[in-house]
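Asks: Line by line, the protein sequences give chains A and B. If you count the first sequence from 1, you need to add 131 to reach our numbering. If you count the second sequence from 1, you need to add 1422 to reach our numbering.
Don't read these hints as lab results, they were simulated from the structure. What you are looking at is a predicted structure, and each value in this text was computed from that prediction instead of being measured. Among these hints, one or two may not hold up.
Claimed, not checked - Subject to a maximum C-alpha distance of 30 Å in a straight line, what follows is the list of computed BS3-like cross-link-like pairs (lysine-lysine):
| # | chain 1 | residue 1 | chain 2 | residue 2 |
| --- | --- | --- | --- | --- |
| 1 | B | K1604 | B | K1450 |
| 2 | A | K278 | B | K1650 |
| 3 | B | K1650 | B | K1621 |
| 4 | B | K1476 | A | K278 |
| 5 | B | K1520 | A | K474 |
| 6 | B | K1425 | B | K1490 |
| 7 | A | K278 | B | K1474 |
| 8 | A | K278 | A | K474 |
| 9 | B | K1425 | B | K1527 |
| 10 | B | K1604 | A | K278 |
| 11 | B | K1450 | B | K1490 |
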Amino acid sequence: MKKTNRETIITAAVLLVVLIGAFALDAALPSYHIAIKVVKKACVYSLVAVSMNLLNGFTGLFSLGQAGFMLLGAYSYAVLCIPVAKRAGVYQYFDGGLVQFSLPEIFSGVLGGTVGPVVGMLCALLVGGLIAALCAYLIGLPVLRLKSDYLAIATLGFAEILRAFFQWNALGPLTNGSNLLKNYPDLGGAAAYVILVGLFIAVILLLVNSTYGRAFMAIRDDEVAAEAMGINLAHHKRLAFIISSFFAGIGGGMLAMYMGTVQALSFKSAMTYEILLIVVMGGIGSITGSVLTSFLYIASLEWLLRGLDSGTFLGISSPIFKNGFRMAIVSVIIMVVVLFFRKGIMGDRELPDLFRKKAKKEEVSGNE
Amino acid sequence: MLKIENLQVAYGGIQALRGIDLEVPDGKIVTLIGANGAGKSTTLRTISGLVKAKAGSITYDGQELLGKPINQILEAGVAQVPEGRRVFANLTVLENLKAGAYLRKDKDGIKKDIQWVYELFPRLEERSWQLAGTLSGGEQQMLAVGRGLMSRPKVLMMDEPSLGLAPLVVQGIFDIIREINKQGVTILLIEQNANMALKTADIAYVLETGRITLSGTGAELLANESVKEAYLGKKRK
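Just need the whole structure built from these sequences, with the hints factored in.
Replies: Quick look at the structure:
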C-alpha cells in the first residue's frame, strides 16, 4: 500500500504543477497569446479524445460520430448563452431568433454578477451534453446492433447528416442556418479550462475504474465471456455510447467558447479523424495518453510548427516553407511516432504507472 | 439438482439437440462426452442462457431456468467456464476475477472469494498484476475456472477445460476440478478427453448427434465396450 501512496502523491504533484502552470500563464500573458490559446484548445481536445477513448478504447466500439455530438454541444451552448441584447444582431436574417433568453443573464439575475454568468455557462454546457446524450440514446437503438467497421460507417453518416441538418434554412430561428453564431461569452483563461476539463476527465477516470469500467473492458476483450459473466451487453454498450457522447457534447460546447463563433461547417468528419488520431497516437485505452497527445498535437500544429508555413522555422529560411508544408511535416511525424510507438505513446499505461519504475521520470515533465 | 427434460435446440433448420434428459445431482461431478457436433456445447450454452431452446425444460431446485436472462441464471447459482478459456486478455488476473464477480454486491464476500481462488490456484496469486493475455494456456484455464467460481456458483459448468493443454497440465486441471467439487460445488463437465473425464466423473452421459445414447457411472462407461471403441481408442484384434 505504501508504494501506491508514493505514486499517487507524485501524480497529484504533477497535476498540481500543471494547474499552477495554467494560472501562471493566465497571469503572465495576455489572453490572446498563442500559449493560452494552445492550452485552451488542447484542453478541449483532451476531453473529446478521452470521451472517444472511453468508447473506442475501453469498450471496443469503433464509433466515428464524435464531431456530430460535439456539434450538438456547441450549438446548445451558443444558442443558450448569446446575450438577449445581441440576439437581433446575430439572428439578423431570422428576426432575432426563436430563443429569447440567455442562461448566463438569467443566473446573474439570481446569483449576482460574478457567480451567475459562470453558473449559467456551466448549465449551458451540461444541457449541451445532455442533448448529445439523448441523441446518442436514440441513435444507439438501431446503430449499436452493428459491429466494428459498420458501426463506424453508421455513426460517421449520422454526424454528416446532423451537420447538413443544422445548416438547413428552415431551422434558422434556432441554428441561424448556415450563418455564424457569435457574441456569446467565454468561461475564462487557461486555468478555467484546465480545471473544468480536469474535473470531467476525473469523472471518466472514476467510471473506468469502477465495476462499469471493468464491464466495458470485459466486453472489449471478449463479448461471449462477458455475457457469460452476466454482463448485459446491449445495456453496457448503450451506456458507454451515451456517456461518451455526453462528454463529447460538453467538449463541443467548450470548443464553441474557445473559438468564439460556431458554424456547422467546421464540424466535419476531419475533426473526428483528428481526434481519432490523437486517441490512437496516445494509446488506445490510456486516458493519460489521450491528454498528453492532445497537448503535443495542438501545440505543434497550432504553434511550434507554424514557422514551416510562414517561411522561417528554427531560424532557417527556405522557399519550400510555404502554406501546407506544416501538414506534410506533421504527417511524417505521425508516421514516425506510429512506427516507434506501436501501441501509441502511452500504450495502455496511465500517469501513476510511470512512477512505478524509477527510470521514466523525464517523460512526464513534458506533460504540460 | 439441475434437471433437464426433453431439451430441443435448433440452429435454423439444423436440429442440434433432439430432446435430451439429464440430471446433475448436488455435490456430484457429471460429465457429458461425445464427438464433435454431438451437441455438448449447445447443451451447456442453453443451460447458461446464451442459446434459446425450442422446447423442453431446465430446472434448478425446481426453479425453471429456461427462457430466463443470463444474469438471473447466474444468480440462481449456475455459472459457466466457456470453451477456449476466453479470459479478458487486456485485464489483469485480479481484474478478471473481479469481472467474474460482476453480479455480486458484497465487497467482503468478493474479497474472501478472491483469496479462496488464490488458495486453489497459487499461481494466479503470484501473477495477480499480470495481464491475462500474457499467461500460459494452463494458467489461462486456471484463471477461467477461477473467474467462473467468483460468482459463487452452486453448479459450475465447464466446456472442455482440457482443450489445447499438455497432458501434465490437463492432469492438474482435473485434480483441481475434484478439489473444487470436494468443497461443495457441483460440476457439469463437457469433455472430448473421454478417458480423463470418465475417470473423474461420478455420473456420465454419452451424447451422439443430439441424443443421449448411454448413461451410467463413470466407471461403468469406462468399462463399456462401445464407449471403449468410439472414444477411448480400443485396440483392434
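Asks: Now look at each hint and say whether the structure bears it out.
Replies: Outcome of the hint check:
1. As the CA atoms of B:K1604 and B:K1450 are separated by approximately 9 Å, the hinted pair is consistent with the 30 Å bound.
2. About 45 Å separates the Cα atoms of A:K278 and B:K1650, which puts this hinted pair outside 30 Å; it is violated.
3. A hinted pair counts as satisfied when its Cα atoms are at most 30 Å apart, and B:K1650 with B:K1621 qualifies at roughly 13 Å.
4. Using a Cα cut-off of 30 Å, the hinted pair B:K1476 and A:K278 holds, with the two alpha carbons roughly 27 Å apart.
5. Among the hinted pairs, B:K1520 with A:K474 is consistent with the structure: their alpha-carbon atoms are about 26 Å apart, no more than 30 Å.
6. The hinted pair formed by B:K1425 and B:K1490 meets the criterion: a straight-line CA distance of about 15 Å does not exceed 30 Å.
7. The straight-line distance between the Cα atoms of A:K278 and B:K1474 is roughly 22 Å, inside the 30 Å bound, and the hint therefore holds.
8. Among the hinted pairs, A:K278 with A:K474 is consistent with the structure: their alpha-carbon atoms are about 22 Å apart, no more than 30 Å.
9. For the hint pairing B:K1425 with B:K1527, the CA-to-CA distance comes to about 28 Å; that is within 30 Å, so the pair holds.
10. Taken as a hint, the B:K1604 and A:K278 pair is broken in the structure, with Cα atoms around 43 Å apart against an allowance of 30 Å.
11. A hinted pair counts as satisfied when its Cα atoms are at most 30 Å apart, and B:K1450 with B:K1490 qualifies at roughly 25 Å.
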